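*Asks:* Respectively, the protein sequence lines represent chains A and B.
Heads up: the first sequence begins at 1 in the numbering used here, then just goes up one per residue.
Heads up: the second sequence begins at 249 in the numbering used here, then just goes up one per residue.
No lab work stands behind these hints, which were simulated from the structure alone.
Since we're looking at a predicted model, the values are computed, not measured.
Ideal Cβ placement from N, Cα and C applies to all residues, glycine included.
Incorrect hints may have been included.
[Said to hold, decoys possible] Here are the computed lysine-lysine pairs in the DSSO-like style, where the Cα-Cα straight-line distance is at most 27 Å: (1) A/Lys238 - B/Lys344; (2) A/Lys217 - B/Lys344; (3) A/Lys199 - A/Lys238; (4) A/Lys217 - B/Lys271; (5) A/Lys16 - A/Lys117; (6) A/Lys231 - A/Lys117; (7) A/Lys199 - A/Lys117; (8) A/Lys199 - A/Lys229; (9) B/Lys381 - A/Lys229; (10) A/Lys43 - A/Lys199; (11) A/Lys43 - A/Lys117; (12) B/Lys344 - A/Lys199; (13) A/Lys16 - A/Lys43; (14) B/Lys344 - B/Lys271; (15) B/Lys344 - A/Lys231; (16) B/Lys271 - A/Lys117; (17) A/Lys231 - A/Lys217; (18) A/Lys238 - A/Lys217.
[Unchecked claim] Listing some non-contacts, in silico: residues in chain B with all C-beta distances to chain A over 12 Å: (19) Phe297; (20) Leu361; (21) Val366.
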Amino acid sequence: MDDSIAMQVTRYRPDKNSQPVPVDYEVPLRTEWTVLDGLNHIKAEQDETLSFRWSCRMGICGSCGMNVNGEPRLTCATFLSDYAPGPVRVEPLANFPVVKDLIVDITDFMEKLPRVKPWIIRDDDVTEIDGEYIQTPEELEAYQQFSMCINCMLCYAACPVYGLDPDFVGPAAIALAERYDLDSRDRGSRERLDVLIEKEGVWGCTFVGECTSVCPKHVDPAGAIQRYKLKAAQESVKAFLLPKALRR
Amino acid sequence: MSAPVTRVPSYQRRIGVFWWVHKRSYFLFVMRELSSIFVAWFVVYLLMFVAAVAGGQQRYDEFLDRATSPLLLVVNAVGLAFLVLHTVTWFALTPKAMVLRLGGRRVPGTAMLAAQYVALAVVSAFIYWLVVKA
Chain A
1 MDDSIAMQVT RYRPDKNSQP VPVDYEVPLR TEWTVLDGLN HIKAEQDETL SFRWSCRMGI
61 CGSCGMNVNG EPRLTCATFL SDYAPGPVRV EPLANFPVVK DLIVDITDFM EKLPRVKPWI
121 IRDDDVTEID GEYIQTPEEL EAYQQFSMCI NCMLCYAACP VYGLDPDFVG PAAIALAERY
181 DLDSRDRGSR ERLDVLIEKE GVWGCTFVGE CTSVCPKHVD PAGAIQRYKL KAAQESVKAF
241 LLPKALRR
Chain B
249 MSAPVTRVPS YQRRIGVFWW VHKRSYFLFV MRELSSIFVA WFVVYLLMFV AAVAGGQQRY
309 DEFLDRATSP LLLVVNAVGL AFLVLHTVTW FALTPKAMVL RLGGRRVPGT AMLAAQYVAL
369 AVVSAFIYWL VVKA
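Kindly produce the complete structure, drawing on both the sequences and the hints.
*Replies:* Dropping the structure here:
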């Protein structure tokens with residue numbers, strides 16, 4: 001194995017660059033080093049102005065998502081040695097505006113997320129004093145997969161629909177809506193459906209499937225969206241055929 | 249309530265018209281979408297065929313004559329390729345879009361996929377029997 005590997009890192013310094021530019025660096029190549037370790041080496045040893053987000057280094061926090069050789073990846077879980085002999089191209093996550101270097105602006109997602117009401121909605125006034133909600137292992141299993149989302153935004157970076165139409169609610173938000181819809185304790189599916197049945201909701205999705213491919217937590221947002229489409233279609237048919245009193 | 253959002257100045261990257269040619273999965277996706285046009289073409293072609301059959305022997309013969317023209321042969325050959333792509337990709341997507349439960353257990357994707365191909369074979373065999381043997 002070579003002693004070092006070339007990293008081509010996209011830099012964007014709003015005061016210096018009119019647009020993002022690739023800058024070449026050389027970092028030590030060690031079997032246990034991830035792309036994030038390479039970036040930290042650059043920052044510590046070569047250029048302290050390089051800016052990027054990271055926190056936990058173990059695929060939990062979802063902060064260090066970047067495009068590595070064109071693919072959205074968690075850089076803490078992507079090993080430099082897999083790209084030897086290099087170069088490794090590191091760019092900010094696709095489809096988001098770039099604030100500086102590898103840092104993207106995810107305000108759009110932060111505004112969309114509460115619109116799908118990703119929390120447990122109840123139609124009664126049960127409080128914790130009344131006791132906990134009982135849930136069987138089967139009921140937990142129904143939504144558990146969708147609850148693994150860490151909001152890393154890789155699915156948004158992989159989704160061409162979101163890239164072309166930023167109004168699209170997007171994979172993670174819809175998967176989270178599905179997570180609460182499938183929760184036996186929740187009663188809020190009607191409220192969420194009102195948001196997601198819109199054109200910019202589930203119907204924006206054309207089932208490219210890349211969101212599921214890149215998800216580091218195996219959440220399967222594409223599956224969630226298609227299941228939601230079925231549900232939305234059934235509701236539309238019901239609304240068309242049944243008198244109001246019989247719907248639900 | 250959520251805190252007011254502060255917008256920071258940022259650089260908006262543009263997506264090129266040919267975003268779909270650089271990545272295999274995007275290319276396949278666009279081809280799958282494009283295949284719908286050929287599905288529509290075969291529907292129209294089948295309706296034209298039915299109309300020709302209904303129109304008597306002469307119109308039927310004219311239809312068959314036209315069907316052997318090089319242009320139509322190429323269009324239909326390309327169309328068939330896209331139709332196969334359409335079928336294969338849609339079959340592959342079904343288990344991802346649907347959760348089927350039998351006796352409380354989730355039906356595995358491979359079983360759903362196999363069931364679709366079996367159904368396709370049965371329907372094809374019936375059509376073959378109807379057109380050629382009956």
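*Asks:* Determine for every hint whether it applies to the structure shown.
*Replies:* So, going through the hints one by one against the coordinates:
no., hint, result
1, A/Lys238 - B/Lys344, "24 Å, holds"
2, A/Lys217 - B/Lys344, "17 Å, holds"
3, A/Lys199 - A/Lys238, "19 Å, holds"
4, A/Lys217 - B/Lys271, "22 Å, holds"
5, A/Lys16 - A/Lys117, "41 Å, violated"
6, A/Lys231 - A/Lys117, "17 Å, holds"
7, A/Lys199 - A/Lys117, "18 Å, holds"
8, A/Lys199 - A/Lys229, "11 Å, holds"
9, B/Lys381 - A/Lys229, "41 Å, violated"
10, A/Lys43 - A/Lys199, "43 Å, violated"
11, A/Lys43 - A/Lys117, "39 Å, violated"
12, B/Lys344 - A/Lys199, "21 Å, holds"
13, A/Lys16 - A/Lys43, "18 Å, holds"
14, B/Lys344 - B/Lys271, "21 Å, holds"
15, B/Lys344 - A/Lys231, "15 Å, holds"
16, B/Lys271 - A/Lys117, "34 Å, violated"
17, A/Lys231 - A/Lys217, "24 Å, holds"
18, A/Lys238 - A/Lys217, "35 Å, violated"
19, Phe297, "31 Å, holds"
20, Leu361, "15 Å, holds"
21, Val366, "22 Å, holds"
Of the numbered hints listed earlier, those contradicted by the structure are 5, 9, 10, 11, 16 and 18.
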